[in-house]
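**Student:** Sequence:
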Amino acid sequence: MSTKTLANGKTVETYPLTQAQRFMFFVYKQFGNNSPVLNIGSGYYWKDDFRADLLKEALEEAIARCDVMRLRFTLENVNGNMQVMQYLVDDAETKVEEFDFSDMPYEESYEIMKGWTKQLIPMFDCPLNTVRLIRLADGMNGMYLKFHHLAFDGYAAKTFIADVMAIYLSKKCGRAYPKPMKSYYDAMMDEFKYLDSDQRKADRAYWMQFFSNESEPIFNDYLLEGNRLRKARKENPEQRFVSLYEGDHPESRTLMYEVSKEDSDLIMDLCEKKGLSIPCVLMLGLRTALSAFNDNQEDVSFKFMINRRGSLLAKKSYGNRWHFYSLRTIIPPDLTFEQAVAAVEDAQSAVFKHCNFDTLEMYQVKHIAMKAGAITNTGTASYDSMTFSYHAPLDVPVENEEVKASTIGVWYNNDFSAQNMYLTVKHRANDNGFEFIFEYRTCENSAEDLKVLYPKIIESIMLGVKNPQITMGEILEKIKL
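Counting from 1, position 198 in the sequence shown corresponds to residue 198 in this note's numbering; the numbering is continuous, with no gaps.
Worth double-checking, as some hints may not be accurate.
[As the list claims (entries may be wrong)] Calculated lysine-lysine pairs in the PhoX-like style (CA-CA distance at most 25 Å, straight line):
| no. | residue 1 | residue 2 |
| --- | --- | --- |
| 1 | Lys29 | Lys4 |
| 2 | Lys182 | Lys193 |
| 3 | Lys426 | Lys315 |
| 4 | Lys451 | Lys480 |
| 5 | Lys261 | Lys274 |
| 6 | Lys451 | Lys478 |
Please keep in mind that the hints were generated in silico from the structure rather than gathered at the bench. All values derive from a computational prediction rather than experimental measurement.
Input sequences plus hints: build the corresponding full structure.
**Tutor:** Given below as structure tokens:
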């Protein structure tokens, strides 16, 4: 930690990046430098007897309550090396602008806001976030938000929206004013304490032992004709990993699929009835489809995102707390769907116990113990073909059920990705149904393959939901290509 003198003459303390921030900045510099991979663009809109003045007040008060809005990054010379540091200023300096798109088609306004999302955010010694009040066609109104990924992850963005809506409804409907948010500074200090803790030493020892004793995984591709492991095995028949990085081409596109409310409810009802984990059911569907794409391979791995927010401080302090870990499951065909969900949950739980360990250091440990796992400037030798994340529904306050039915939450893709393939599953704002969002780098991926993969995921899930005692072998037979 050191100090910095600002332009106004005030001296502030500066701090290193946290572990999650270091990983995000690393992939930005390696795989997306000068592209907007660190931009998160989202919108939240609804139809009611709209009070723009009250929403603007709510946005301004939510900004004032959110100390991450006062977060700044800077470059410092630390022992002869330029290093990114962070500090907090007294004033967020984030002004709420108003834009009226009510006279244009929704699709046109969507493209305008997507364009905003693709504009680079200046990185150093300046405000990082954009907050705008939006009027849309057909009586829809709400907010557009652009956040910097080192300051906000997806969970933090939804938390900000929920706080804005709670303040808005307190003003509009007389509801109780929401309790204060928690301190980002305190959460950051908690992160730093871990670095010198016995727990970190124990986590490193666990992962080193785990990777040293584990058999080598195998890559399972979601590409059909372009299966990369099959190509690699033409030169080395025993190879079990591939290189995913294709030069400086982070350009991406998205495919989004909506699961019907009826099927979404069936999945969630089964999880509640059987005590199953929703994300584990979804991940089982993904790994089953990947198995079907790879000759019914029993050994399937992919990365999954862990949002480390086990405490009230972590949940209410914003910031970025994402870590990425490999989830490997070996599921024989005689396991029932219900047993297979339990196997996925066991694998997830084993990771959860040691999930504070730095993602970058994790790759180093894995590379020491295995043939692949290191990230370099030229490629990522990987056993994981893609990344999965699940966004649990967050309780955003609404005025009434009629307003809720009109609500839409929007993610504006910035058309750049630091990852080869990223599947995000989240819940729709209006009816809680699932949305599957595939973000894929265009340099290496085929949208046509994803149009085959998604139905296989859903088909495998629904077969198990309707008959939890069906075996995985029977599911694979029914979804075979």
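**Student:** Does each hint hold? Answer for all of them.
**Tutor:** Each hint, compared with the structure:
no. : hint               : in the structure
1   : Lys29 with Lys4    : holds (24 Å)
2   : Lys182 with Lys193 : holds (18 Å)
3   : Lys426 with Lys315 : holds (18 Å)
4   : Lys451 with Lys480 : holds (15 Å)
5   : Lys261 with Lys274 : holds (20 Å)
6   : Lys451 with Lys478 : holds (18 Å)
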